[in-house]
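Residue numbers (UniProt numbering): 1 to 167.
It cannot be assumed that every hint is accurate.
Said to hold, decoys possible - Here are the in silico distance ranges between beta carbons for each label pair: (1) G99 / D37: 33 to 39 Å; (2) F98 / V142: 24 to 30 Å; (3) R137 / D157: 20 to 26 Å; (4) A10 / G161: 19 to 25 Å; (5) G53 / P101: 35 to 41 Å; (6) R59 / A138: 15 to 21 Å.
Keep in mind the hints are simulated off the structure, nothing from the lab. We put the CB at the ideal spot given by N, CA and C, even for glycine.
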Amino acid sequence: MVDWSALLPAEIDHIIAVPDSLLSPVIARVVESTAVDYLQTVHESQAVALAAGLALAGRQPLLCMENSGLRAACETIARLALLHQLPILCLVSHRGEFGDPNWWAQDHSEHMSGIIALFHLRSTVVRTTEELTAALRAGSDVVRTRMRSVVVIASTDLLEGLRRAIG
1 MVDWSALLPA EIDHIIAVPD SLLSPVIARV VESTAVDYLQ TVHESQAVAL
51 AAGLALAGRQ PLLCMENSGL RAACETIARL ALLHQLPILC LVSHRGEFGD
101 PNWWAQDHSE HMSGIIALFH LRSTVVRTTE ELTAALRAGS DVVRTRMRSV
151 VVIASTDLLE GLRRAIG
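Using the sequences and the hints, build the whole thing.
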């Protein structure tokens, strides 16, 4: 049984999400179970800009998207997170990880790794709910000190397990 209200650290007060079939059901359940505010966007660069703006306003946002969204948002990440030093906390689904049968996702993992290195983002892969909560808490601490942006990469097995728990 998943304690949905305890999945996110208490300091996260906004979720900004770009629809993703792996993350969306999990995010919906978390939003139903907590007092977190939810904003859905249509493009990853828009989501990055919203997260940076909320952080400037003293909020603690979590940006959720597929890992290919890092590629789609490169210019906005470069401008806001690097140039203006407005770090963001991201939770991304790990499309294209070893064993992913989807032909369209095969390059997503390699591209994600390259973007994380290029932009000097802190990152970690999580495979359990305990690791997820701990990584989001630690990532929130790093972002709050304005040190670096953080990408928490949720394994497909973790997200599929959470989706099964929803029913």
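Inset, instruction - Using the Cβ atoms, figure out if G99 sits within 33 to 39 Å of D37. - result: holds, 35 Å
Inset, instruction - Confirm or reject the claim that A10 and G161 have a C-beta distance inside 19 to 25 Å. - result: Holds: the Cβ-Cβ distance is about 23 Å, inside 19 to 25 Å.
Legend entry - Verdict for F98, V142 (Cβ pair) under range 24 to 30 Å: holds, 27 Å
Legend entry - Consistency of beta-carbon spacing, A138 to R59, with hint 15 to 21 Å: For A138 against R59, whose Cβ atoms are near 19 Å apart, the range 15 to 21 Å holds.
Inset, instruction - Confirm or reject the claim that R137 and D157 have a C-beta distance inside 20 to 26 Å. - result: holds, 21 Å
Inset, instruction - For the range 35 to 41 Å, tell me whether the beta carbons of G53 and P101 fit it or not. - result: Cβ of G53 to Cβ of P101: about 38 Å, so the range 35 to 41 Å holds.
Comparing the model with each numbered hint stated earlier shows that all of them hold.
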